[in-house]
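Engineer: From just these sequences and the hints, can you work out the full model?
Residue numbers (numbering that gives the first Met the number 0), protein chains in the order written: chain A, 0 to 412; chain B, 0 to 405.
By construction, these hints were calculated from the structure, which means they are not laboratory data.
All of these numbers come straight from a predicted model, not from anything done at the bench.
All C-beta atoms in this analysis are idealised placements derived from N, C-alpha and C, irrespective of residue type, glycine included.
All clues given are correct.
27 Å max Cα-Cα, derived DSSO-like pairs, lysine-lysine:
| id | chain 1 | residue 1 | chain 2 | residue 2 |
| --- | --- | --- | --- | --- |
| 1 | B | Lys368 | A | Lys379 |
| 2 | A | Lys379 | B | Lys328 |
| 3 | A | Lys320 | B | Lys368 |
| 4 | A | Lys56 | B | Lys328 |
| 5 | B | Lys210 | B | Lys285 |
Quick list of the computed label-pair ranges, beta carbon to beta carbon:
| id | chain 1 | residue 1 | chain 2 | residue 2 | range |
| --- | --- | --- | --- | --- | --- |
| 6 | B | Val284 | A | Gly198 | 51 to 57 Å |
| 7 | B | Pro240 | A | Asn114 | 20 to 26 Å |
| 8 | B | Arg34 | A | Gly340 | 31 to 37 Å |
| 9 | B | Val284 | A | Arg88 | 29 to 35 Å |
| 10 | A | Trp53 | B | Arg100 | 54 to 60 Å |
Chain A side only, calculated, beta carbon under 7 Å to chain B, not exhaustive:
| id | residue |
| --- | --- |
| 11 | Pro115 |
| 12 | Thr118 |
| 13 | Thr119 |
| 14 | Arg321 |
| 15 | Gly322 |
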Amino acid sequence: MAPFASYHRTVRASLTLPAILAILAFSAPAEDWPQWRGPHRDGVAAGFPEPKAWPEKLTLKWKVTVGEGHSSPVVADGKIYTHTRQGDREMVTALRPDTGQTIWQQGYAAPYTMNPAATTHGKGVKATPVVEDGRIFTFGISGILSCFDAKTGKPQWRKEFGSPDFGVANSPLVDRGRVIVFVGGNTEGALTAFDAATGAEKWSWKGDGPAYASPIVVEIAGIRQVVTESRNHIVGVSAATGDLLWQIPYKTVYAQNIVTPVLYRDTLIFSGIGNPVIAVKPIKHGAEWSTETTWQNKDVSMYMSSPVIGADLLFGFSERKRGQFFCLRPVDGATLWTSEGRQADSAAIVAAGSVWLILTPDANLTVARQSDNAFEPLRKYSVADSPTWAHPVVLGHGILIKDATNLALWDPS
Amino acid sequence: MKLLAALLASAALQAASLEWPQFAGPHRNFTSDARGLANSWPASGPKKLWSRDLGEGYSGITVDGAVLYTMYRRGSDEVTLAAATGTGKTIWEHTEKASFRSGMAMENGPGPHATPLVTADAVYAVGILAHLVCLDKATGKVLWSHDLWREFNGTPMDRGYSVSPIAWKNTVIMKVGGAGHALMAFNQKDGKVVWQKQDFANSPSSPILIKVDGQDQLVAVMGDEVVGIDPDTGGLLWKHPHTTSWHLNIALPLWTADNTLFVSSAYNGGSAALELHVVNGKTQVKELWNTNRMRVHIGNLLRVGDTLYGSSGDFGPAPLTALDAKTGKVLWQDRTLPKATFLYADGKLIAVDEDGNLSLATVSPAGLKVLSRAELLRSNAWTAPSLVGTTLYVRDRHSLMAFDLR
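Structural biologist: In structure tokens form, the structure reads like this:
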């Protein structure tokens, strides 16, 4: 976790005093999970209070219908939030963690016609909201970006953009009072920063269209930058100005760049369907930047699943062998192990304490020991009756599971 | 005279239940009445009788006495092969030009996909361009042919035509797709159109013939629905929606004893169980259940007792999946038998999985038990096996083989 601590501190330091007070006022014993892939946007739940022994069965605490989609739930300031589709409307719902009861719900019209290639995914929301400083930002499948008051649900501002072939899937990011999203469709788009309070555009980079990967913000060589896979590139863009710092051409079949990058020390790790896993080091020379590929691993390849790093292990799910778990050494990309093939169609992974929580679309939650030696599943739980593509989210000692239409809280204790 | 010939042909088909005259075998459901199969094989697999080179294709193997038929691709041609069942040696070949048309996407395999049909008199074969030929069994000479796409403007299929012909009385029935001729019956003797009916879009799935409370029906899974057709006239008896993302229904429907029809598709289609009854001459269709947990892609469904088995999934792990046939609830999934096509005989499952393993297994509501397994074929092995007596015929995209399963 050491490499991420400074990033975390920086984010928190950027909060305004009222925001800090608000957090304290609502402070729940559980760590917040306010955005895509958690507090540090890396799939790591470091403080997860795992049970002494994983039980034979999980206890279902509650289950409520929230609507269609694979958008992951988020948790902030004592509330759970979901962004879903109900008929022709997209709904934002705040729920009580103890009962799943609705605290507030807001919706807006979002008629959407899917590309036939994507109908398997459903018309539900794909991007995960982000809660920051008392506001929730949502990005719907057709490209509607909204801001609501997180406490009351009162709409703050809304903007409409297009969407690429398979629908909007990049999850908004908040950095220093700006909400950053990749807006647009197949032919044009822009990585854009909006003022979180007003929605006013602060900067935009129009060099490429959106992919399905979500951006992250990192600090490299002292420069804060937004890093993402765009439609045909990997890019680093100044978080302050939106200026392009560096880019690498990056192509996948049908322009399906999906994997959220992860930072390891000063390298960024990427992959995409049919491509190896690569580690890229951006290097600053005065005002200019270059990049160096420090390693690549051709044994495995990620498609829709983003990897996690913890305990100096890069754990992920490869599309090779019809679905295979793997573990790499993030410092040099060496393959530590690969599991047998045919494990799943995809996997949503969270590193929680000493285990990996792995939710596969067949509605199985596998708990595996974080091992540098082999795939070591401890337990496998059936947690839904419909496909589960959203990420599992830790809530206290429980685990939130979003299936095709429901949200449920499961308790392992 | 014509009627008599038809009756004889149909009687021959019924009597020869140990033959494999068409796609999916004598009962068109991948079950065989064969007995006396061994309960295990040596590690190297069952006794190999012969093996021969074969070209590309997923076309299955039809067996009629001492002759087997299948199709393969050679360069830009498609070949219908007649070979000796005892040796695998070629008896005759019939070749058709089959250059891909623009817009065809054959990355999953260039075909041919359909399995020949053999009747008392002739062999019927159809390639990826929907060119149907009727061939003399002894010589391979073309007796008649139809280009189902060009002549009748059938639904274009960008992965190639794949519907296996089916015989009914003196006709051969084909799924063509399109206004006025979604289904067509051709006279077996001369290829003349006997009837052409319906407006549905076509799908790759092959049709079956069933008897519902005494009434003969042709069941065809079309682009967005499953339909029941009077096989004598082409008249519509019933239809029920069954949709997928790409109008791609591929798996063979399954009709079972308690008047239940099962359909299954990948591409978000899922599976449904339909109970059919004929009441006062009208077919009543009741959907018993519908689930997205079983999505058979290119394979088949099997029912043993009250359990339904199939490989669920398309390009992912596609584990063998067992459902309660009465409720549609998943009983188990097991990836030790990956995406497979299979037949059932003598209480055993004989499966070819896409990785190229030939497996002998038992299945029950409690689980899968693999008795023996040998890697005898090469990936992607998507062609279902054929069984005649105790001789098993399998192929991949390189070879054709026969094994003795005693």
